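Per the numbering used here, the very first residue in the sequence shown carries number 1; after that it's consecutive.
What the hints contain is simulated information worked out from the structure, not anything from laboratory work. Since the structure is predicted, the reported quantities are computational estimates derived from the model, not experimental observations. Backbone N, C-alpha and C define an ideal beta-carbon position, used for all residues, glycine too. There may be inaccurate statements among the hints.
[To be verified] Dumping the calculated SDA-like pairs for lysine to any residue here, alpha-carbon to alpha-carbon at most 20 Å:
#1 169 - 340
#2 230 - 42
#3 70 - 339
#4 42 - 59
#5 297 - 320
#6 184 - 201
#7 169 - 159
#8 202 - 230
#9 139 - 184
[Unchecked claim] Distance windows between CB atoms, simulated:
#10 278 - 34: 42 to 52 Å
#11 8 - 320: 50 to 60 Å
#12 215 - 131: 23 to 33 Å
#13 347 - 222: 19 to 29 Å
#14 239 - 290: 26 to 36 Å
#15 8 - 291: 52 to 62 Å
#16 221 - 295: 13 to 23 Å
#17 221 - 248: 18 to 28 Å
#18 291 - 131: 55 to 65 Å
#19 135 - 56: 39 to 49 Å
#20 56 - 341: 26 to 36 Å
#21 50 - 215: 54 to 64 Å
#22 290 - 54: 49 to 59 Å
#23 265 - 36: 52 to 62 Å
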Amino acid sequence: MTNRITYHNVHNLFKLNGFHLNRNDLCRVAYSFIKEGEEFEKSVGDFILDWFDNKSFIEMNTSGTTGTSKLIRVDKQAMVNSAIATGDFFDLKPGDKALHCLPTKYIAGKMMFVRSFILGLDVDFVAPSSHPLLQNDTKYDFVAMVPLQAQNSLSALKNVKKMIVGGAKMNNTLEKGLSKLKTKVYETYGMTETITHIAAKKIGEEAFSVLPNIKISQDDRNCLVIDAFKISNDSIVTNDLVELVGENQFVFLGRMDNVINSGGIKLIPEKIEDKLSDKINSRFFVTGKQDAVLGEKLVIVIEGEQQILDDSIFDGLDKYEKPKEVFYVSKFSETENGKIKRKEILDSI
1 MTNRITYHNV HNLFKLNGFH LNRNDLCRVA YSFIKEGEEF EKSVGDFILD WFDNKSFIEM
61 NTSGTTGTSK LIRVDKQAMV NSAIATGDFF DLKPGDKALH CLPTKYIAGK MMFVRSFILG
121 LDVDFVAPSS HPLLQNDTKY DFVAMVPLQA QNSLSALKNV KKMIVGGAKM NNTLEKGLSK
181 LKTKVYETYG MTETITHIAA KKIGEEAFSV LPNIKISQDD RNCLVIDAFK ISNDSIVTND
241 LVELVGENQF VFLGRMDNVI NSGGIKLIPE KIEDKLSDKI NSRFFVTGKQ DAVLGEKLVI
301 VIEGEQQILD DSIFDGLDKY EKPKEVFYVS KFSETENGKI KRKEILDSI
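I would like the entire structure built from these sequences, with the hints used as guidance.
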């Protein structure tokens with residue numbers, strides 16, 4: 001691949017739902033989606049028309065997982081460069097069969113289309129749902145899903161060669177289920193500002209490896225700093241606590257926003273959640289709640305009806321990692337791609 005590929009290109013092997021389409025064909029399909037399509041198709045139609053207009057950027061919303069969703073501008077050529085990096089990293093070839101089952105409202109869904117245009121993928125586009133492979137026996141070379149979709153597709157993934165899972169963290173149960181498959185499964189790391197993933201790791205590995213043309217470092221908080229000159233002119237400073245492993249790998253520890261300062265002891269919720277993931281069947285998270293003595297006390301919030309917890313589930317935790325209180329919430333609020341809205345749930349308690 002060379003840098004001569006621009007956002008004006010549509011690869012001559014690109015197919016959408018079995019049909020070869022060029023730029024003009026795509027615009028006609030987009031108009032049809034907007035005029036007569038279902039709700040999920042209308043957002044695709046809008047995106048395709050935005051992609052082929054005379055502007056060099058796309059406007060889109062961030063996911064709003066850790067704060068208010070905001071509108072940002074993303075350079076189209078940067079999206080093309082991201083698609084090429086993904087193609088190189090995952091060895092995607094023109095004509096490879098792909099499944100697009102993500103909402104196009106957010107960056108991950110938009111990028112599946114961009115990869116398809118640019119890399120020449122033969123893409124099946126289906127309605128985003130929690131069971132994307134239901135009654136679908138097609139064999140796919142490349143699929144992208146969020147964890148809930150992957151969990152619900154375990155029995156059908158025998159037909160998938162390579163899959164990336166992103167948008168929210170995978171739990172240990174899902175990892176174990178995926179590790180038993182012949183499918184090559186990768187967990188991805190990224191955000192809207194990095195134009196989806198800038199790193200990925202195979203199931204079972206601890207460290208993420210960065211994609212081509214990505215440099216990583218840490219700031220004085222030990223948070224990840226990303227330099228991706230083909231994607232962003234500026235360094236992207238994250239709130240993600242990491243441990244660097246050489247120049248091109250890092251271990252994700254947790255989000256700075258989630259760190260709990262309990263009586264001067266700093267606790268990373270994600271590390272505690274990993275230790276508990278095999279012991280609690282419902283969805284849950286640990287967080288800090290204001291406390292007059294400790295400043296913040298560690299609590300655990302569990303989805304579902306109230307029950308009596310066996311204290312032995314906390315035996316594998318360090319002294320300061322044991323929750324001081326347990327809360328139950330009947331249904332967790334979450335973003336469209338399945339991320340739990342921790343702050344919103346805590347505020348409701």
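Hint check results:
1. Between residue 169 and residue 340 the alpha-carbon distance is near 10 Å, which keeps this suggested pair within the 20 Å criterion.
2. A hinted pair counts as satisfied when its Cα atoms are at most 20 Å apart, and residue 230 with residue 42 does not qualify at roughly 30 Å.
3. Between residue 70 and residue 339 the CA atoms are separated by roughly 17 Å; this keeps the pair inside 20 Å, and the hint holds.
4. Taking the CA atoms of residue 42 and residue 59, the gap is near 16 Å; set against the 20 Å cutoff, the hint holds.
5. Between residue 297 and residue 320, the direct Cα distance comes to roughly 10 Å. Compliance with the 20 Å bound is thereby established for this hinted pair.
6. Proposed proximity of residue 184 and residue 201 is supported: the alpha carbons are some 10 Å apart, at most 20 Å.
7. Annotation: proposed proximity of residue 169 to residue 159 is violated, straight-line Cα distance about 24 Å (limit 20 Å).
8. This hinted pair does not check out: residue 202 and residue 230 have alpha carbons roughly 24 Å apart, beyond 20 Å.
9. For a cut-off of 20 Å, the pair hint linking residue 139 to residue 184 stands: about 14 Å separates their Cα positions.
10. Between residue 278 and residue 34 the C-beta distance comes to about 47 Å, which sits within the given range of 42 to 52 Å.
11. For residue 8 paired with residue 320, a C-beta distance near 56 Å keeps the hint of 50 to 60 Å intact.
12. Separated by about 39 Å at the C-beta atoms, residue 215 and residue 131 break the suggested range of 23 to 33 Å.
13. The supplied range of 19 to 29 Å is met by residue 347 and residue 222, whose beta-carbon atoms lie about 28 Å from each other.
14. Distance hint check: the CB atoms of residue 239 and residue 290 are about 21 Å apart, inconsistent with the given range 26 to 36 Å.
15. Evaluation of the 52 to 62 Å hint for residue 8 and residue 291 yields a pass: the beta carbon distance comes to about 57 Å.
16. A C-beta distance of roughly 19 Å is found between residue 221 and residue 295, which places it inside the suggested range of 13 to 23 Å.
17. Between residue 221 and residue 248 the C-beta distance comes to about 21 Å, which sits within the given range of 18 to 28 Å.
18. Checked against the given bound of 55 to 65 Å, the beta carbons of residue 291 and residue 131, roughly 42 Å apart, lie outside it.
19. Our hint of 39 to 49 Å for residue 135 and residue 56 holds, since their Cβ atoms are close to 41 Å apart.
20. Between residue 56 and residue 341 the CB atoms are about 34 Å apart, so this pair conforms to the stated range of 26 to 36 Å.
21. A beta carbon spacing of about 30 Å between residue 50 and residue 215 contradicts the range 54 to 64 Å that was offered as a hint.
22. The hinted window of 49 to 59 Å between residue 290 and residue 54 holds, with their beta carbons roughly 52 Å apart.
23. Residue 265 and residue 36 have their C-beta atoms about 59 Å apart, which keeps the hinted 52 to 62 Å range intact.
Hints 2, 7, 8, 12, 14, 18, 21 from the earlier list are contradicted by this structure; the remaining hints agree with it.
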